[in-house]
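Quick note, the sequences are listed as chains D and Y, same order.
So the first sequence is residues 1 to 199, counted in our numbering.
So the second sequence is residues 1 to 472, counted in our numbering.
Careful, some of the hints might be misleading.
To be verified - Below, a list of computed lysine-lysine pairs in the DSS-like style, where the Cα atoms sit at most 30 Å apart:
id	chain 1	residue 1	chain 2	residue 2
1	Y	Lys-15	D	Lys-161
2	Y	Lys-15	Y	Lys-166
3	Y	Lys-166	D	Lys-161
To be verified - Which chain Y residues stay away from chain D? Per the calculated CB distances, all over 10 Å, these:
id	residue
4	Gln-51
5	Asp-60
6	Ala-197
7	Met-217
8	Asp-240
9	Asp-248
10	Asp-272
11	Arg-279
12	Arg-325
Unchecked claim - Label-pair ranges, simulated between beta-carbon atoms:
id	chain 1	residue 1	chain 2	residue 2	range
13	Y	His-26	D	Ala-125	46 to 56 Å
14	Y	Asp-241	D	Gly-88	54 to 64 Å
15	D	Gly-167	Y	Val-263	23 to 33 Å
16	D	Asp-189	Y	Ser-165	18 to 28 Å
17	D	Ala-125	Y	Gly-53	49 to 59 Å
18	D	Ala-129	Y	Gly-335	34 to 44 Å
Please keep in mind that the hints were generated in silico from the structure rather than gathered at the bench.
Since we're looking at a predicted model, the values are computed, not measured.
Heads up, the beta-carbon is just placed ideally off N, CA and C, and yes, glycines get one too.
The chain contents come next:
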Amino acid sequence: MTPFGVLRARAVPIAISIVDTDQIIPARFLRRPRGPGHARLLFHDRRADGSFALDRAEFAGAEILVSAGEFGTGSAREQAVWALSAHGLRCVIAPRFGAVFRENAIRNGVLPVALAPERIARLVALAEARPDAAMAVDLPAQRVVDADGAEHGFAIDTFEKLLLTEGLDEMSLTLRNADAVAAFERAYDARYPWMAPRR
Amino acid sequence: MAAHESRTPRTMLDKIWDRHAILAMHGRTLLYADLNLVHEGSRHAFAAIGQEGLAVRRPDRTAAFADHYVPTAGRPRIADATVAEIVALLADNARRHGILHLGMDDPRQGIVHVAAPELGLSLPGMLLVCADSHVATHGALAALTKPIGASELRHVLATQTVWQSKPRAMRIVVDGALAPGVGAKDLVLHLIGRIGANGAIGHAVEYAGAAVRALGMDGRFTLCNMSIEMGAASGFVAPDDTTLGYIDGRPYAPRGEAWDRAVTDWRRLPTDDGAGFDRELALSAADIAPTVTWGTSPEDAAPIDARVPDPVPIADPARRGRVERGLAYMGLKPGTPLASIAVDRVFIGSCTNARLDDLRAAAAIVEGRRAVVPSWVVPGSKLVKQQAEAEGLDRIFIAAGMEWRDPGCSMCVGVNGDLMAAGQRCAATSNRNFEGRQGPGARTHLMSPAMAAAAAVTGRLSDVRTLVRGRT
Ligand code: SF4
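Just chain Y, same shape as in the assembly (with noise of 0.2 Å):
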């Protein structure tokens, strides 16, 4: 225990490295893994350890989320037999292996990275893997992350533990307030395009200063969510007592005694004072415009106001030719303004941008207006989508012609069938921009709730402080 006592000032990734670290050799360390979140993807590593005659180490220690493939609409019945499969082996798996599993038609099913932690499930000071790269979201709570993949998540439920290399610690501190319409979504594009895709490579983030503090816990679970769009390892926010107040009372939170523990060990986990940091960056919140991508990397990403850029000065051929590839794709010309590109659709949803916070901002746009595009909201859980219509933000979308429906990945990646047609434009709250992500030659824009719910009103990319001033 003498390492946890130390005097010498250690960082968060420093604290919660240490506790989980079983051993070291060749250069890695195998860490033993509080929680493995588990969804419709991991059918192949259960077949694996299934043929390998192996159990799962530690149901305890996992959860089965159905978002990925479930359908959006006409549920319960699945149509496609392909997926309704998927669905059903991912029940069958949780059941043979004693995981507790949040199927389709389970109350407080969602999106994992939205619906563990409305459980309870994910908490400060864990090492918590997922075979998903947006498992970073959970960082919002303090915990230290790993995406993995299919063959890695058959060695963590045979064994509950990773080989990892320790990652550098790199601090953003993000001082001042973020400016009326300008959100959580807004500073991290703001910062992807600032530092680039690369820009965090081999490094876990710790998102720190004042406007970070100010976040409330989705406006955190958004941040932490896209660090790895910046290349990131992991990225978190220290435990605060707005964490702890998000924490207390969900379902599977410690609770009593073992809460007093908890808290009391988790109020150890913020870096010391005097702790170095391999790489520090300092931002200031009140520069930050809302901010929308017009290429096909989330660091194509510029204030709203601004034009599409013009390739043929950049220096770098790779990244000329890059910006122009992505320019043909997205059917974008030079010097055009961002706000008069039009769109053909929009959605709000996925785990980036899904959660009550961002529904409410998005419904405060729309109401009293009409969507002039389709336009989808796709909650992140049951329990978002059921709070929110406690609200009433249900009854707002749907009057401004907008579809409400159930909860899931749904066009963050189209697995279940949720596509675009190619040539398709879409204002979307997602994370991802890429080449196809939301169909072949589908066109992303990656932007806020409230700035895509301005693009669902106005029928293009729209600077959402305009049309807040319009309300005054």
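Isolated chain D (complex conformation) (with noise of 0.2 Å):
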């Protein structure tokens, strides 16, 4: 995974109140294989009419999604962190995010960076206003300053900091605890025998 340090990048507005995954990326399509093929299909139910956001040539490019409403509540579904890679998004803000969205994001090298009501208004209407004015997201520091200048902090926890910033994939973190996991698996096995269902 690349690691994420500073993103200058345009930003794109979606005014959705409330962004489940399923507006994300509709259930009848999360048969198809991950590709390219997933930026189409993002919100693909809204751009029926070539209207929404991300279709408005201003948009073009963008790589920062900034949300009004919460984002990625509702199913499991990575699909929705594809889609959104695929489009060429690397962050989105938000007033907040669902638990297992945010969890996938973090997993594909998508910041998920969580901002007050206010703040998010200021920066929806900047992106209207100026849509070729770049943004700053610095998770280092973990601020976006905006395209007048304005730095809005924002909370990340280590474990998802370390696993951006280092473009780490959890697994070898898990794997240099390889010998701590084997040594409780015997125990555990020994002190709850029947709870693996199929010894």
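Mind docking these for me? Both chains are given alone in their own frames, and the hints should help you get the complex.
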């Protein structure tokens, strides 16, 4: 995974009040194999008439999505993140995130940034007024610097930050502790033998 | 072992958490998972470990269920070639890795959250993971659960562990008794309506109180199932005689001496007296009426005798906007009595409400009446189907003109092709009423099986209590 440092990019604002993963990618597309085609599936059912923000010429090439509504609630489908990635989006800014979406995003190098609604309103207004002005998302410093130079700090837990900034796969973290896992497993199997249903 | 014997009162969450904790670093705990339940959506994760040359660490702690994509009619053929391939791939992956596989032709097949408990795979005190957000269902058996995505599933397959931060502990106590005609689905919809779709974010919810204790296992599954719809990380009920009675004798449940040891252990799982919760909520069961949703979030829930709300007085502009959009999508006008809304079809099914008690409740309403709109009954598993047929429930549904189908997720999510047309309105016993959930433009009202049955025989959202009274 590419490490996430400072992302300087333009932002596309999305005005949906609750962005559940059924909106991000409808279930009927879940059968498709992962690929560049997922870009077209992002918000598929909202994009029928070409007026949706993602399809407006001024937002082409945006790498940051700013969502007025909480983002990624509902189904655990990781395809929601695949669709965002395929579309070239590397960061989503929203007032709140669905828990599994957040975990999925981190594991795909997409940074979820939670900001207060009034700060998001400001970012949305800026993106609408000056779509070509870039903002900076600085993960190491945990702040967003908007097109006017105003700073918005955000919180992220150490684990998530570690995975993203180092481009680390949680598997390597676990495998570094393989001995501890193996010892735990032996003790657990011995203490709770009935908990392995098919022993 | 000292931690297990410590005198400090602990919640059930603490107890289950502690016994699975391997180590902690970077603000997370590495937890050992007892059981990993997979379905057809697991193909990406299996492909990933295959490419990396990794093995499934514990095939004996993994089980595979064909449920999301399987057809619910016309078996054993699968008409759609892509779907056939997806279903076959699960069987291949399971065979290759030595994993128990409940395929479409297996007599124990069913929706993962219905069939795994039936098989005795899900047990109290487990940390149980599944790449599906409704894994909280198994909390009814006092398991701590965690929904995972495809990448995390790859990690679980290879390591049998998850990195997690501990949720906060919340207790929801429901005292009193539910009124006749009111069940677990009404309780949980009422609860979500009250605390909101974000009401339990970051919390593991322990459901307690007389009304919860009085629920049978099927009702507890329904209650825990929808924990995710209030934002909870997990939801569970402490083990009691109801729990143990359900598990005893199931195919993969411990037996003999192992059973005795397990029961001794499980009896120690309930929250100790005096243990503290980060949040507590008390509710009176008697206040709950049959409840339905009118909007596009499960929190848009109201008693059946209420009216479609007016968004104008809602102070919070974000919520007002959401409700306005929801009503536009649902094609509803403020002030309309909920009990006057006509439906185009009825879906009784899903991991929320397709167990035997659910089908019994629906059949009790349908018996001797005719469904006036197309209505599907999709049992949650083959075992449920067989038990229902043994009781003659299938004949009641069929006599009423309803379709009696084969088990699977079906119209809950529609990935197998069971979808509704745009603009159609459905009375559904599933768990999500999001825009497009049952097909592009499809409108979903969530409710209990008895209420869905009432909608089937009246053609509109109806107060099931009036139909029960009509009987006597
Ligand atoms: S029935 Fe619906 S909610 Fe349950 S597992 Fe299937 S798709 Fe998910």
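Evaluated hints:
Between Y/Lys-15 and D/Lys-161 the alpha-carbon distance is near 29 Å, which keeps this suggested pair within the 30 Å criterion. Distance check on the hinted pair: Y/Lys-15 and Y/Lys-166 sit about 12 Å apart at the alpha-carbon level, within 30 Å; holds. With a C-alpha separation of about 17 Å, the suggested pairing of Y/Lys-166 with D/Lys-161 holds against the 30 Å cut-off. The beta carbon of Y/Gln-51 sits about 13 Å from the closest Cβ of chain D, which is more than 10 Å, so the claim that it is off the interface holds.
The claim that Y/Asp-60 is not at the interface with chain D is violated, since a C-beta of that chain comes within 10 Å of its own (minimum 4 Å). Consistency note on Y/Ala-197: stated as away from chain D, yet its beta-carbon is not over 10 Å from all of that chain's, at 7 Å minimum. Every Cβ of chain D is farther than 10 Å from the Cβ of Y/Met-217; the closest lies at roughly 18 Å, confirming the non-interface assignment. Distance check for Y/Asp-240 against chain D: the nearest CB is about 18 Å away, which clears 10 Å, and the non-interface claim stands.
Interface exclusion of Y/Asp-248 from chain D stands, the closest Cβ pair being 13 Å apart, more than 10 Å. With a least beta-carbon separation of about 20 Å from chain D, Y/Asp-272 lies farther than 10 Å from that chain, consistent with its non-interface assignment. With a cut of 10 Å on Cβ distances, Y/Arg-279 stays outside the contact zone with chain D, its closest approach being about 17 Å. Y/Arg-325, annotated as away from the interface, has a beta carbon of chain D within 10 Å; the closest lies near 6 Å.
Judged by the Cβ atoms, the range 46 to 56 Å given for Y/His-26 and D/Ala-125 is violated: they are separated by roughly 36 Å. Separated by about 56 Å at the C-beta atoms, Y/Asp-241 and D/Gly-88 satisfy the suggested range of 54 to 64 Å. Taking the beta carbon of each, D/Gly-167 and Y/Val-263 are about 47 Å apart, not inside 23 to 33 Å as hinted. A hinted range of 18 to 28 Å for the beta carbons of D/Asp-189 and Y/Ser-165 is consistent with their spacing of about 26 Å.
D/Ala-125 and Y/Gly-53 have their C-beta atoms about 50 Å apart, which keeps the hinted 49 to 59 Å range intact. Hint check: D/Ala-129 to Y/Gly-335, Cβ distance near 39 Å, so the stated range 34 to 44 Å holds.
In this structure, the hints that do not hold are numbers 5, 6, 12, 13 and 15, in rising order.
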